[in-house]
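**Student:** The lines below spell out each chain.
There are 2 protein chains.
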Amino acid sequence: MEAGPPGSARPAEPGPCLSGQRGADHTASASLQSVAGTEPGRHPQAVAAVLPAGGCGERMGVPTPKQFCPILERPLISYTLQALERVCWIKDIVVAVTGENMEVMKSIIQKYQHKRISLVEAGVTRHRSIFNGLKALAEDQINSKLSKPEVVIIHDAVRPFVEEGVLLKVVTAAKEHGAAGAIRPLVSTVISPSADGCLDYSLERARHRASEMPQAFLFDVIYEAYQQCSDYDLEFGTECLQLALKYCCTKAKLVEGSTDLWKVTYKRDLYAAESIIKERISQEICVVMDTEEDNKHVGHLLEEVLKSELNHVKVTSEALGHAGRHLQQIILDQCYNFVCVNVTTSDFQETQKLLSMLEESNLCILYPVVVVSVHFLDFKLVPPSQKMENLMQIREFAKEVKERNILLYGLLISYPQDDQKLQESLRQGAIIIASLIKERNSGLIGQLLIA
Amino acid sequence: MEAGPPGSARPAEPGPCLSGQRGADHTASASLQSVAGTEPGRHPQAVAAVLPAGGCGERMGVPTPKQFCPILERPLISYTLQALERVCWIKDIVVAVTGENMEVMKSIIQKYQHKRISLVEAGVTRHRSIFNGLKALAEDQINSKLSKPEVVIIHDAVRPFVEEGVLLKVVTAAKEHGAAGAIRPLVSTVISPSADGCLDYSLERARHRASEMPQAFLFDVIYEAYQQCSDYDLEFGTECLQLALKYCCTKAKLVEGSTDLWKVTYKRDLYAAESIIKERISQEICVVMDTEEDNKHVGHLLEEVLKSELNHVKVTSEALGHAGRHLQQIILDQCYNFVCVNVTTSDFQETQKLLSMLEESNLCILYPVVVVSVHFLDFKLVPPSQKMENLMQIREFAKEVKERNILLYGLLISYPQDDQKLQESLRQGAIIIASLIKERNSGLIGQLLIA
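Those protein sequence lines, which keep their order, are chains A and B. Read in order, the letters of the first sequence correspond to residues 1 to 451 in full-length UniProt numbering. Read in order, the letters of the second sequence correspond to residues 1 to 451 in full-length UniProt numbering.
One should not assume that every hint holds.
Remember, identical chains collapse to one label, so a pair may be satisfied in a single copy or spanning two.
Said to hold, decoys possible - No farther apart than 20 Å at their CA atoms in a straight line, the calculated lysine to aspartate or glutamate pairs in the EDC-like style are these: (1) K115 to E103; (2) K438 to E279; (3) K438 to E274; (4) K278 to E224; (5) K263 to E279; (6) K251 to D200; (7) K399 to E424.
What the hints contain is simulated information worked out from the structure, not anything from laboratory work.
Can you build the whole structure from these sequences, using the hints too?
**Tutor:** Listed below in structure tokens is the structure:
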């Protein structure tokens, strides 16, 4: 699925292995251990991945190679690395990049704290880059920190949404068949042109499939295939499964993949990827307030309205109390959206507490975190000049925390005595909060919106 | 190109034919007349189009058939109809929809003022729907308002970005070869699975192409093919070019298409389409002010900053004077973004003038129009309470004009005596204006933003 149900497709932090943290992943890891017998403890080097990233992305129509194009200010390849390194049974990830992009790649790994990555020089073609990656994994390499895996996954730098489930499927199938790859139904009919540019024949769509990534191979099979294969194959070949078939007589098992395995190829694919990522990190909102005791607390009223107004969004609430212990957990669980209710004072006391907690965490490393600082005011009681002070303050805060990838907005919700009017202004506030979270518009940070 | 250079890909109003209004279109029409001899006057029925729209869009993973999925609140198929009807040498557009969607389709045609559209009942398969469309065009139909065209274009309801250039190419090629279709390079390698779900063989990517739309045929050729073809073809076939080849021995000419011919198939494609459309209607901003004489006018200062801050965006300025005659032209030329500078008074006098002009035009029928009502205030001189009044006012205006598809935002730009500070607040204002235009966020209408 492209944009899963709430939570299911929530992106993962790099570094700490997530397997077992969530249902799906847990099943996956468990079955890998049983089916494929690669209990991490016993066969630490069982599975590695090779990621060719030497392409120049000419189809994108932009100067930057597409794997380095930014999505929410982070290069596409970083999302793909994140998707691979969250799978703890993948021990090594070898990325093949061109010499000129080697430094860029190193800085990406450092900035986004990617783990278990090794870099090799890309070849002039995709196959040559993959071959270089395999050589780095082969034991016959001198001074290689890497050791030969039982199974190697080959994936694309520009397929950022690969899930642990499909990686497990191809690895398991590769152990049984020697080779395996993800496939998808064809969207368009495939035809063959004759020399004069006319239709020669068209293929029956139902009998063919698009070969996608990831693919997996017994290392010895694919390494042998690359050592045997001709220069023509290395220059013009596009299909690793074909090499295994041609040079090792290994018939790859084909595994149905999900739609989100698609390859970011054109500019429109970058747009699509950005929308998918925005949607995935907008599936949970945490309403933060100074206390959890008082059920009549206006924060809880707002929480209720958010729940009723925003379908498909998980709305929780947390108190800043207890040294924010529960809040720490929410941050660890990667909630990227916070609505901070300031009531005790008219300034940003609660918001500032939350901001310092976020700044101490590494939550903002991978995705921009939205913080909406909510203030309730009965316009009859508080002089508008008060608002101007708030406004000026929040603009400074916003500039400051933007440096740390936090998008801060202010929201004034009018608090009339009339209950019905209050409900209406809360509803209005919920709509504004939803808009801010959906768009993550950095041009509007520091603005004080009014509901 | 997916999102063309400023202007080049600007969407067209339906109804009035645009050919000749812009360079590209003019060339196109001219060469159609010379190359293909279909001077509209002489052969009014030379070219028609059939649009199968009976699909249920199961791949989209949403209940609504994808051709009816909304983009900026307008159904996808309306964008495709708009792309076809802007081409004045396409005389009739026959759309095949299922009985249950017939009324939906009629209301779409009415609401978005589509012209030259005829509806027929879709068949249970794509081929049967196309056949029904062709039958409606064939002269042997009783009570048909339509007459048989020389050439028929077959396109998809879910390929909204088709340009006149490629339509001309396939029509011209069809006149010469009897059939023609757009093709694209393959993105993935195509493979054939064996019965046991393993790789049987893979096709050499370079020797195959994806068959896309539009396609064009001499009407007699494709109609003959459909009349001859087997039930199996009608049930399971996917390729019209193949029918022409199989039943009329007509070898279709293959025409390289641009990337934006792609088919909206998955949810991610809807995201991509929305981003492309937003980008296309954000390529021009008109700064509206009460006078054009005064070059020192703060509106002109803002215009200059907008020009320097926003690359790839055409920034013009117009005066509301002369009964706004020039402004009328800008509206006719489909500028979807207005920055209205209010200086003479602190209320919304100029903005209201602009809003009524927009409401009288039909500019807002197809796309949401952004209006940013800009107010300059020296915070030292004007009491903040003044702002609150403005704010309350603009919220009401915004609600009102939203009904007519106008997104109204307020922007207060501080006007300090210090020139450098003024430049900075103008720059800040330009960033906010750019954000509002890029996102077209209806959740934030009526807000008063501060720069």
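**Student:** Check K115 against E103 for me: Cα-Cα at most 20 Å, and say if that holds within a copy, between copies, both or neither.
**Tutor:** within (17 Å within a copy, 56 Å between copies)
**Student:** Classify it for me, K399 with E424: is the Cα-Cα distance of at most 20 Å met within a copy, between copies, both or neither?
**Tutor:** This pair counts as between: shortest inter-copy Cα distance 14 Å, intra-copy 31 Å.
**Student:** When no copy is named, should K278 and E224 be tagged within, between, both, or neither for a Cα gap of at most 20 Å?
**Tutor:** neither (42 Å within a copy, 50 Å between copies)
**Student:** With identical chains, the pair K438 and E279 could be close in the same copy or across copies; at 20 Å between alpha carbons, which is it: within, between, both, or neither?
**Tutor:** both (7 Å within a copy, 18 Å between copies)
**Student:** Go through the copies and call it for K263 and E279: within, between, both or neither, with a Cα cutoff of 20 Å.
**Tutor:** Answer is within; shortest intra-copy Cα gap is 19 Å, inter-copy 22 Å.
**Student:** Since the copies are identical, ignore which copy is meant and state whether K438 and E274 lie within 20 Å (CA to CA) inside a copy, between copies, both or neither.
**Tutor:** Intra 11 Å, inter 14 Å, cutoff 20 Å: intra and inter.
**Student:** Is it within, between, both, or neither for K251 and D200, if the alpha carbons may be no more than 20 Å apart?
**Tutor:** between (29 Å within a copy, 7 Å between copies)
Violation of the numbered hints given earlier is confined to hint 4; every other hint is satisfied by the structure.
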